[in-house]
Structure formats: C-alpha cells, structure tokens
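Chemist: Quick note, the sequences are listed as chains V and E, same order. For the record, in the first sequence the residue sitting at position 78 is 78 according to UniProt numbering, with numbers rising by one throughout. For the record, in the second sequence the residue sitting at position 264 is 264 according to UniProt numbering, with numbers rising by one throughout.
Mixed in with the good hints there might be a few duds.
One copy or two, either will do: identical chains are not told apart, so a pair holds if it fits within one copy or between any two.
Straight line, CA to CA, 20 Å or less: simulated SDA-like cross-link-like pairs of lysine to any residue [claimed, not checked]: (1) K99 to Q241; (2) K72 to N432; (3) K381 to A165; (4) K93 to A430; (5) K268 to D64; (6) K381 to L159; (7) K67 to K264; (8) K381 to S362; (9) K381 to A157; (10) K390 to F380; (11) K77 to S266; (12) K264 to P382; (13) K131 to L34; (14) K381 to G392; (15) K381 to A236; (16) K381 to E164; (17) K86 to Y387; (18) K264 to N453.
These are computed hints drawn from the structure, not numbers from a lab. None of these values were measured; they are calculated from a predicted model.
Here are the chains, one letter per residue:
Protein chains: 2
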Amino acid sequence: MKRVAILFLMGVLIGGAQSTDEQYLKNFYNTALLNGESYEWLDYMSNHIGSRLTGSVGAQMAVDYTKEELDKLGLDKVWLQPVTVKKWVRGAKEYAYIKTETGNTNLPICALGGSSPTLPLGITTEVIEVKSIDELKTLTRDRVEGRIVFFNRPMQADLIQTFEAYSGCVDQRVHGAEEAAKLGAAAVFVRSMNLRIDDLPHTGTMSYGDLPEERRIPAAAISTSAAEILSAMLSATPDLQVHFKQSCGYRGKVDSYNVIGEIKGSEKPEEIILVGGHLDSWDLGDGSHDDGAGCVQSMEVLRMFKVLDYKPKHTIRVVLFMNEESGLDGALKYAEEAERKNEKHLFALESDAGGFTPRGFSFDCNDEQFNVISSWSTLFKPYLIHYFEKGGSGADVGPLKKEGTMLAGLRPDSQRYFDYHHAANDRFDAVNKRELELGAATMTSLIYLVDKNF
Amino acid sequence: MKRVAILFLMGVLIGGAQSTDEQYLKNFYNTALLNGESYEWLDYMSNHIGSRLTGSVGAQMAVDYTKEELDKLGLDKVWLQPVTVKKWVRGAKEYAYIKTETGNTNLPICALGGSSPTLPLGITTEVIEVKSIDELKTLTRDRVEGRIVFFNRPMQADLIQTFEAYSGCVDQRVHGAEEAAKLGAAAVFVRSMNLRIDDLPHTGTMSYGDLPEERRIPAAAISTSAAEILSAMLSATPDLQVHFKQSCGYRGKVDSYNVIGEIKGSEKPEEIILVGGHLDSWDLGDGSHDDGAGCVQSMEVLRMFKVLDYKPKHTIRVVLFMNEESGLDGALKYAEEAERKNEKHLFALESDAGGFTPRGFSFDCNDEQFNVISSWSTLFKPYLIHYFEKGGSGADVGPLKKEGTMLAGLRPDSQRYFDYHHAANDRFDAVNKRELELGAATMTSLIYLVDKNF
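Excised from the complex, chain V in its bound form (with noise of 0.2 Å):
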C-alpha cells in the first residue's frame, strides 16, 4: 500500500500543478488494473456466498461479508442501515410444457419476482398469445377468460443501446399479469427480456397493483427460444393445451440492511458525494453483473482514496442498498433517513449497468451543472470514456433527486447485459476482469472531479 501511495505522490509532484487531474486520473487507472480488489470482492460475492435474493441467507451474508471488507479499509465509519423487506421465495423449481400427442414439449419458464403460485397440482389450460398490452385490452373477456395469456414482444434488436429496448418491453413483465387477471386470465407468460434466442428464461419483479390477493394470477418468464416454439405450435394448433406449475410466493418480512461506509470531507464533512450499487440480486445466477459488479466498483472508489491518500474535501459515502430488485426499499429507507437527518447529498453516482467496459456516465442534472462536467470528459479521452449524456441515473439514487442532488449513472456498454441480465447465467465468469476494473477507476475519477470542481 505505502509503495502504491509514494509511486502515486511522485507522480504529482512530477506532473506539476497543470496535469494534476491527469495524474491523478492516471493513478487511479493504474490502481485498479495493477492492484485492484473489486474482482477478488466480486469472486467471493458471487463464488463463495452466490445469489443474493432480498430476504435471503445469501443477502444476509454479503450485508456482513461487504460490511467487514469495508471495515478493513480505515475508513471514519462504517455502519448498517436497518431495512424492513418483504421476503419473496421461488418454492420448488417450476416447469411448464405443451400437451402434445406425441408426447410433451419442455417450456423452460421460470417465476416473476413477487408472483402467486399455481394451484398446488398446477393449472392447465389453453394459450392465448398477444403482443402488447393494448393488444390484450383489445380482447373480449371470453377470449381471455381461464387461459394463459401469452405476452411475446421481442426486444427491439436494432436500438443500440440495449436499456432502450427493455424499456420498451418490460411493460409486459411489470403490469402483464394485472391487465390479464382483469380479464378473468388463468395466468401469464411473459417473453424473457432478452435479446438473444436461448434457453433461459430472465425473471425479475412485477406487480399486481390493486388488485385483491385472490384475483393474483401466477407469472412466469418464458425462455425467448420456447417462446418462439410456443408462437409457432399456437399457430398451427390455436387450442393446444400447456400445463403450467409453480410455488413461489411471500413469506412474511425479515430485518435487513444497507451497508454504509464513508471518508470524512476535510473541507464540506457536511456535504456528502454518494456512490453505491445494490447489494440483493435475483435468485437463478449469482448477480455478479446485477449488481455485484456495482457494489464492488463503489466500495473500490473509496478504497482507492485511502491506498492513494486522496483527502477529499467533501464526505465521500458508498451505500450497497438493499431491494432494489423488487421494491427499492433500501433506497426509499435511505433517502428517508437522510432526510430526517437534514443531510445534504451534492452528488450521487450508482453503478447498475453490468460490469462491462465503461463507456461514460448519464446525468440528471441542471444545464450548468452539467457544462461544468462535460468540460471533464478530455481529462478521460485516454481511457476511451466518451459518453457524457443528459439521461436517467440508476432506481437507487432516484430518492435524492427531490432534495436537488445531481444524480449520475455509470454507462457501460450494454450490448451483452441481457444476454445475463435476471437469468442463471449472470454468473462470475461472465465478467471480465479488466472490464471491471475499468468501470470503477472511471467511477473513482469522477467522484475525484466531482469533489475537487464542486
């Protein structure tokens, strides 16, 4: 560590008062490519404790695991933030499959986050396909009525950014099963959110929004590559029948945390510039791109400021939230505290993209806070950093945009993300090392800029 920090400290005194930023950019890039810890956090996060799903044992351990890593790093303060969540269970693996002649035919399916569960020996029942929402509503209740309502838009394939094209889908997860079991449906699939054809179905949260307990009809994600089989089976035999079964559902509240950590400002210890991810994952891979990856990257910013003996002016705050999965309840808990507390957050940076190669940040900012940001972005042209957008910044730091934050969000490239995203193969081996790397030295030089400027 001492050698890193001296290394670190000729390389300023060096490069004059002129190219500090550059410098200091620099180091922070070579700190995490050459002696990085987000990768070996991310390797036990994901490896030695494994899926993290609100509620759960695996939740509980990464509340300690990350709390005691923070603890060793000699920051002023480490604490946990108490969460209430509602626990949400998959119960025994589900299945569906299309009643053939010849024999059956596997649906790879899989429960929605916050679904009701079949009946105890499962339903089965016809399947009727539409695309949109407003293509359901167009139907009359008897069409409806006692089927499985099948919601098949793709995600669109030629949006670049790949977050465009789950926005213009996840209306089907989010809100499908509500709309359907208004029309006396018996259950929904959902296409999974994803832009490849394969195997896995991608679960994630929905919502059955006023509607009573007993009108809750269960939800599944359907893999994109059975989805395309069940379109095709339905065109050629509308009245075929699939049996469908599950037993996830709710199991009471349970005490969680977010895990908390700062360094004091030496100038604004009032003032505090927040960077975090979200602690909780689904339950199929291990979340190392959602989010262990963001978690990793915010705990690396502040570790990179105490190895390098970066004093900074304001109060430099990692939050790992907890829920944001289904509910955003660390989130909400903690932008209420905050404001009980009366305390001011300048700027608040999350990572939930992925782990992959950075490419920049989005910003919900006003105009002249965000000129003075743009005026940054040759400082990290070597590092091939180029997108410095006016755009959303991330579901958990949302909370503070009321009390005038400047909110940011890492932007990864997104191509890959739903080839992972909420599905079993989110999995350590799918990121990559350096990618990392990358995104939590270009996270550690904005929060540097951000301090310094602001």
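Put chain E on the given structure of chain V with help from the hints.
Modeler: Here is chain E on its own, set in the frame of chain V:
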C-alpha cells in the same frame, strides 16, 4: 430483400437530401441488426468448418464456402486468386512437465507456429527464466547452453488499449527462439500473450531469422498460469528439470487462395475501395474472433450494398486474405498482382481485431484526408462510435501503402481480445451476435462515406 430495399428508399426520400447520410447509416445499422447474415456465416465457418490453419483442409473448405456465399450475393465478379503457402502442422499434442520428487507438474503448452519439433523422445533439461531478449543477451553462453530459455514478461495490464500491451511483449514470441539459439539454448518457452491468468497456451507465429535449419530450436507458448507456477518453482529450485516434447514442423508447400468479390463502380470503376479480413486462423480454436469475424463483416458490407440497392461510385471489393498468421502470403500476393495490373486502390479497410463492440477506426492517411474523415464522426455518434485516430491499420492491407492508398482498421473494444487470441477458446460462443453485427454496420457506413466523398 425487396421489401428491405423499398423501405430503405422510402427512408431516404422522407429524410430529404440533407439527412441522406444519416438515413443511410440508420439503414445499414438496422439491416445488420435485424436482417444480418454475418452471424450465420460465422456459425458455418466456425462450427461446420472449424479451424483454418494455412495449408489445412479447413482453410480450403473456407475458401470454397466463402466463394460460394459471395457467388450468391449477385456481385459483379467473384474469383479466387492463387497463393502458394507453406504448410506447417502441429503434429501430436505437445506436452511438458516439471519433474519433481513427489511426481510431475504438468505445464500446458503449445508449439508456436513455424516452430521445429523436439527430438522424438523429447528433451529433459534445466530452465532459465528471463524477462526479455535484452536480459537474455546479458547472460553468458554457459548459463544458457543446453537449457530451456523461459521468456516470462507479462503483458502490461495498465495499458488501456490491449494491443499496445501485446506489442510490448510479442518480441519474446517472435524473436525469442532465434536469440536463445544463438546462445546455444535447447528450446524456448514463451509466456502466453494473455492478460488473464488461466490454463490456455496461446500460439502465434515466430521466426528463426537467418538461422540454418540445424540450429533451429523448438519453441512453445506456456499458459499464464503455468508460467506463474514455473517461475515460483524456479525460485525455490533453480536446477529443476523440465521434460518437453512436440512434433510440429513444415510439410512442404500447397496451393491456396485469396477469395475476392466486387461490385463495379458506377462512376470510377477503376478506383477500388477494399474491405477485408483474413480467412486463415490458428488451429487450437475455430478462429471466430481471429479472424472469422473480420471475414464475415467484410462480406456483409457488400451484401448490404446489394440488399439496400446502393450503387457505389467506386468499385467496392471484398478480399479474404490467406495466411495472415504466418507469412502474410495472401496480402503480399494481392499487392503484387495489384501492382502488376496497375490497379488503383483508393482506400483499404481491414477488420482483424475481433468481433467485439466497435468503437471506431484508426487511419493511416495524410492530414487532409484525415480531416475529411474526421468530419463524419458526428454521423456515427448515435451508434456510440467515437474513436477516429491516426495510427495503424492492419497487416493485410499494409502492403498497399506504397501505392498511396488510405488505410484503415476497425477498432473494436479490445479488453477481452487477448483472452481468446490464438487460443483454444477463440470459438463461436465467444462472439456476441450484436457486437459482430454492429461492427459490420460500422464498416459499411465508413465505406459508404468514403465512396461518396472521395
């Protein structure tokens, strides 16, 4: 096909003259992502044909297949250009192990391309580790003679562009054996050109310079993980013995081909704009990234022009070069024939850096030309293409430089490239469909703009 062309034409008409370029680019990207052929071609090349080592049956099958596919596109001319190549074969699987008292420790190795074999029973000797050719040259002959020289300088992880890290290390692989042989070494092991620590040896070409055949010593790549282990064991036991055997060697010359197709220019048919990659690969994987990707992307450029009914002013020619990997025979033959026929090449674009998300291009041209090209960068912004720099182009288009051709190389994201480069895991499943297609669209867009503006 027809429907696509009509939609495209409508797009251009609606867009008006001012935004014609925007509309063209949009159509190239849409077509590549929604109706591309590049991924299917690569599937065939990688999974049906497999590796395409120069002089192998696979290489000949790839010549036949790509010619056949180009024939289907309705180009103005498709032909094979004969190239004589030297045939090198790996022979029986290589092996090496450290002899220890408690048993042997296996070292994953592979012969470097062009290497000589060991003696039929292999060799058993001591190992001397160096970090560079310079360090080797400081050693006296008696330290080296009869031993295996182990070049163990890692790629520099803090360089952002991994090709720079490769350039900084590859001299060990190319010239290590020649220099070690001059000091009487028995063989060389070279640390694989890989930024990860894993068990895969990465092959690649090497040269004996002017050394006569009897002085050529066997050379092998050793996996990064085994390099770390061997180095650690040498620290503890400098006189440890390694056994090493490989059976590779040259097997004469064979006839092979460059595969060429073109669309004749409508205004300046005598001026050629070339786009290409190389058809040969190493034998350990299936060469999907290196350079199956570049081949199918180059073919896709001409296919999209045909599908979208774009009539280029200049002749647009695709060239799939033979034997980039170990001699550049195809590229040299192509340039020689071009000179003999007095052909004028206006521009030549190579894709040989993997099928990853495209970031832009590097150009080898004069300032005036570069200014024109740079002015197009805003057109590429919606596609997150931001890298327009002067610099290298590619090995296969290099020989055209002497006739004043503008040269360019596609620059995809390079972070993962050396995870796969020349190793057994350079396989189809390491290529993401969207990333490959975005590269093809980006290349097509550049070729369109060059055709229109020069």
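Chemist: Confirm or reject each hint.
Modeler: Okay, the hints, checked on the actual structure:
no., hint, result
1, K99 to Q241, "within (6 Å within a copy, 64 Å between copies)"
2, K72 to N432, "neither (25 Å within a copy, 39 Å between copies)"
3, K381 to A165, "between (28 Å within a copy, 18 Å between copies)"
4, K93 to A430, "neither (24 Å within a copy, 29 Å between copies)"
5, K268 to D64, "neither (30 Å within a copy, 70 Å between copies)"
6, K381 to L159, "between (25 Å within a copy, 13 Å between copies)"
7, K67 to K264, "within (17 Å within a copy, 66 Å between copies)"
8, K381 to S362, "both (16 Å within a copy, 15 Å between copies)"
9, K381 to A157, "between (29 Å within a copy, 18 Å between copies)"
10, K390 to F380, "both (17 Å within a copy, 18 Å between copies)"
11, K77 to S266, "within (14 Å within a copy, 71 Å between copies)"
12, K264 to P382, "neither (30 Å within a copy, 40 Å between copies)"
13, K131 to L34, "between (49 Å within a copy, 18 Å between copies)"
14, K381 to G392, "between (22 Å within a copy, 19 Å between copies)"
15, K381 to A236, "neither (55 Å within a copy, 44 Å between copies)"
16, K381 to E164, "between (25 Å within a copy, 16 Å between copies)"
17, K86 to Y387, "neither (37 Å within a copy, 47 Å between copies)"
18, K264 to N453, "within (17 Å within a copy, 57 Å between copies)"
Checked against the numbered hints listed earlier, the structure breaks hints 2, 4, 5, 12, 15 and 17; every other hint is satisfied.
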